[in-house]
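J.: Turn these sequences into a full structure, and let the hints steer you where they fit.
In this note's numbering, the protein residues as written are 1 to 417.
I should point out that these hints are in silico values taken from the structure, not numbers from a laboratory.
Each hint should be verified, as a subset may be incorrect.
Stated by the list, open to error - With a Cα cut of at most 30 Å, we get these calculated DSBU-like pairs of lysine-lysine: (1) K313 with K346; (2) K346 with K84; (3) K84 with K17.
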Amino acid sequence: MASVERIVVGIDVGTTKIAALVGEVKEEGAIRILGLGIEPATGMHRGTVVDVAQATQAVRSAKQQAERTSGFEIGRAFVSVAGKHIGSINSRGVTGLNPNRGVVSAEDVARALQAAQAVALPHNREVLHVIPRTFTVDGQPGIRNPIGLHAYRLEVEAHIITAASSALRNLETCVQDAGMNVDRFVLNPLASAEVTLADAERESGVVVIDIGGGTTDIAVFIDGTVWHTAVIEVGGSHVTNDIAMVLHLPPDEAERIKISDGNAAPHTVNPDAIAAVQPFGENMPTQVLSSDLSAIIEARIEEMFTLVLQDLKRSGYDGLLPAGVVLTGGASSLTNIQQTAARVMKMPVRLAAPQNLTGLSDKLSSPSFATSVGLLKYASRTDASGGPYPADGSPRRPRGPDIGRAISDFLGRLLPD
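T.: What follows is the structure, given as structure tokens:
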């Protein structure tokens, strides 16, 4: 039997599905998918837990499927986070250096990041990620990696992502009751970016738009790192609800017709085309014009991208994105959604799905699995133990902000794949 190099586990807890993945990290950094479990999400609403018992059962079922297909017992995992409770701020931190050493060390970077996150947060919120954007060394700005530089003073500008403590505890309870511990929570678009963005896009300036069932999550990358994140409270389920309301269809039928016949650009639809639908209480299907269906979809998709563009304009980074938009997430698979996004946002747009996978990769080559696969890549980059990462090992996720993990993230991003 071939030896296993290193195992990582990701649990993507979304509004519409729960996906559990087991992967093996190869020496060159590639991910081989060993196990996969998918379960319809229950007990979730717009990215947050609303029924612990139902959500726990869905997570447990996905975990058990992944264990059966991989042959590994899962005891800990990296877990995705989304929802309107997510917030972010930019902050600065300063630290003096040890004059006897005279060069910047990883410990100095940790102290600067600790100072940056010393911001007043409400008692019901906590830090999810601390991401260094840029460093200033003795007044010289624009330093990406200060470690090893001679200096007396180190400053960092950091992007700090926060979350509602109650939302994290509810999600953690579901994962623990399903038989796992949370190694780390990861914001959805940060995970998705791991397997959808090219390095050139990160450097030039790009926005990842991860369209989930309940929310749309965005992350702006400039100069190789995260500069801005936000959550828009519109997702694929809103499109489904619109179809159900306007065409008087059951939700399941509205979702089916959205997937099978949906088109986000009405001008591309044959005006004579029709789609068969099954209304409430009808034994025989009826017909609707495909152009009418498309108009319903377009209206909500336009609103979604308008809200994203408004957020980017408020951030001030809308003019710093020459690489444009990278769309991912389940709802990004709608036909011609790229056209509508490009028209509204006036930027180049491309659709992205996980790439460079082996193993059970044929089941994951869809934008809907970008976060799931991205969790594995994120885990492979941020395990700070220096040794194997067993799926059944004991977790070490602290209650408070983990600056050691922030340093690991920072150093991991500097290393080539």
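J.: Kindly indicate which numbered hints from before are broken by the structure, ordering the numbers from low to high.
T.: No numbers; nothing is violated.
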